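Trainee: Taking the hints into account, I'd like the entire structure generated from these sequences.
What follows is the residue order along each chain.
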Amino acid sequence: GQQVMQIPQYQHVQEGEDFTTYCNSSTTLSNIQWYKQRPGGHPVFLIQLVKSGEVKKQKRLTFQFGEAKKNSSLHITATQTTDVGTYFCAGLHGTASKLTFGTGTRLQVTL
Amino acid sequence: DTEVTQTPKHLVMGMTNKKSLKCEQHMGHRAMYWYKQKAKKPPELMFVYSYEKLSINESVPSRFSPECPNSSLLNLHLHALQPEDSALYLCASSQEKGNTGELFFGEGSRLTVL
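Which chain is which? The protein sequence lines are H and E, in order. Residue 87 in this note's numbering is what sits at position 87 of the first sequence, and the numbering runs on without skipping anything. Residue 1047 in this note's numbering is what sits at position 47 of the second sequence, and the numbering runs on without skipping anything.
Simulated from the structure, these hints should not be mistaken for laboratory data. Just so it is clear, the structure is predicted and the values come from calculations on it, not from any experiment. Built from N, CA and C at the ideal position, the CB exists for glycine as well. There may be inaccurate statements among the hints.
Only part of the chain E face toward chain H is listed, based on derived beta-carbon distances under 10 Å [unchecked claim]: (1) Gln1037; (2) Tyr1051; (3) Glu1102; (4) Thr1112.
Mentor: Below is the structure:
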């Protein structure tokens, strides 16, 4: 079946440092979405990327979709304690009508 | 605040009990989903309803029985569960099936099976 892997599984940074999580699919994706889940919370949609090579920014967050549409990344500049949580990518494969969630990257930010 | 409401927030049940999880959305979304999430794992799709009809069942055991009474409501009926079914059960909705837009998740129902 389709697999979507994320690395790293866990990262601990000091506030102000940058953070990047990478998402890799075994097959080509139609689109990719990113979600954030705070500890004890539920996933919250961040963004959707559709086009090959697409780059989107939301304040300190930069999202990229690979040229081959098999990988994606989320980069956070100058992390803050409010960035703590688990970041999931979720890919839509071809004509499939369901998202496959990535394995997630848990981010811990300390002062 | 979430626009998808789930009840109860917490549920403890024995293996012989019958209980139900409820989900409601008033965004006019036509696709609704049940996901199961174990600790430190991603959400796993269980069921998808599109226009009130079951369109995807991810080979979920029959002790989980979904129901969509109308376009705003989604239930998950639970019967004879096992301790390994303990998890966070998330309901989500989207404008259309096919996940061409964002999923709106509820806060989840945390289930413990004793």
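Trainee: Each hint should be assessed against the structure and marked as holding or not.
Mentor: Checked hints:
1. Gln1037: holds (9 Å)
2. Tyr1051: violated (13 Å)
3. Glu1102: holds (4 Å)
4. Thr1112: Violated - the Cβ of E:Thr1112 stays beyond 10 Å from chain H, reaching only about 15 Å at its closest.
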